[in-house]
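**Q** Position one of the sequence shown corresponds to residue 0 (numbering that gives the first Met the number 0), numbered consecutively onward.
Note that these hints are calculated values from the structure, not bench results. Keep in mind the model is a prediction, meaning the values are calculated, not measured. Note that the Cβ used here is the ideal one computed from N, Cα and C, for glycine as well. Keep in mind that a hint or two might mislead.
[Said to hold, decoys possible] Now the in silico label distances, taken between C-beta atoms and shown as ranges:
id, residue 1, residue 2, range
1, 102, 72, 44 to 54 Å
2, 11, 148, 19 to 29 Å
3, 92, 201, 15 to 25 Å
4, 25, 76, 12 to 22 Å
5, 46, 144, 18 to 28 Å
6, 72, 215, 44 to 54 Å
7, 217, 23, 47 to 57 Å
8, 196, 218, 17 to 27 Å
9, 22, 213, 34 to 44 Å
10, 72, 154, 41 to 51 Å
11, 70, 218, 39 to 49 Å
12, 77, 47, 28 to 38 Å
13, 44, 11, 39 to 49 Å
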Amino acid sequence: MHKVIRAPRLVEATITELQESLKIGDFTCRDIVQGYIDRINAYDQPAGINAITEINANALTRADETDVALTTGKEMPPLFCAPLLVKDNFDTSDMVTSGGSIALRNSKPEDDAFMIRKLKEAGAIVLAKTNMAEWAFSPRESISSSYGRTANAYDVNYVPAGSSGGTASGVAASFGVAGMGSDTGNSIRGPSSHLALFGLRSTLGLTSRDGVIPLNFDRDIA
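Turn these sequences into a full structure, and let the hints guide you.
**A** Here's what the structure looks like:
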């Protein structure tokens, strides 16, 4: 008789739920990260969502490192094994950062944006980058010259708003447990409302914009 291996429950899972499943040994971090990668491959392009621009080639390695750390019995960082989606205007040293423009389609930064670095230090895994309105300019929809149009995950005939529509549709489709966006005029709040998500636009100056492609220095919030 073959042993039936259960898959992690990823649809609308929370960070706490995933971490609890790891602590009791139901799954490994690799199981969780691979599960999200499988969902992206199964639904993003085949369903016409087009939220994801690139899957991080190092994500499974980070997952394996997390699994090893879990065996030591030491206290884990607060976001351990949290697979995150990151808007394509945040610098990532191991992935392309295009800002939605074909002009930067092959641009790979030398280091991570400050907030990405802090998320990694907290144990999060950058799983994938997400499409956005080009240069974060449009609050209406998320179309880029580098990756095309992102659709609403609930109905691909509708828009996810902009400019963080790729992150919003990706999280709504459970391609990651949470996501990073930026907001100048409506770019976190609009996509969140279109995808029935909680989105937080922080207070100007309280979060770092280091390594985030700018639109308007007087209003940009990452």
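**Q** Hint by hint, note whether the structure agrees.
**A** Now for the hints, and whether the structure bears them out:
1. At about 49 Å, the CB distance of residue 102 to residue 72 agrees with the hint of 44 to 54 Å.
2. Under the hint 19 to 29 Å, the C-beta atoms of residue 11 and residue 148, about 25 Å apart, fit the expected range.
3. For the pair residue 92 and residue 201, the beta carbons lie near 24 Å from each other, so the given range of 15 to 25 Å is met.
4. Taking the beta carbon of each, residue 25 and residue 76 are about 20 Å apart, inside 12 to 22 Å as hinted.
5. Between residue 46 and residue 144, the C-beta spacing of about 23 Å keeps the proposed range 18 to 28 Å intact.
6. Between residue 72 and residue 215 the C-beta distance comes to about 48 Å, which sits within the given range of 44 to 54 Å.
7. The hinted range of 47 to 57 Å is satisfied by residue 217 and residue 23, whose Cβ atoms lie roughly 48 Å apart.
8. Residue 196 and residue 218 have their C-beta atoms about 22 Å apart, which keeps the hinted 17 to 27 Å range intact.
9. The hinted window of 34 to 44 Å between residue 22 and residue 213 holds, with their beta carbons roughly 40 Å apart.
10. Restraint check, residue 72 to residue 154: a C-beta distance of roughly 46 Å satisfies the suggested window 41 to 51 Å.
11. In this structure the hint that residue 70 and residue 218 lie 39 to 49 Å apart at CB holds, the actual value being about 46 Å.
12. With their beta carbons about 35 Å apart, residue 77 and residue 47 fall inside the hinted range of 28 to 38 Å.
13. The hint said 39 to 49 Å for the Cβ distance between residue 44 and residue 11, and at roughly 22 Å that hint is violated.
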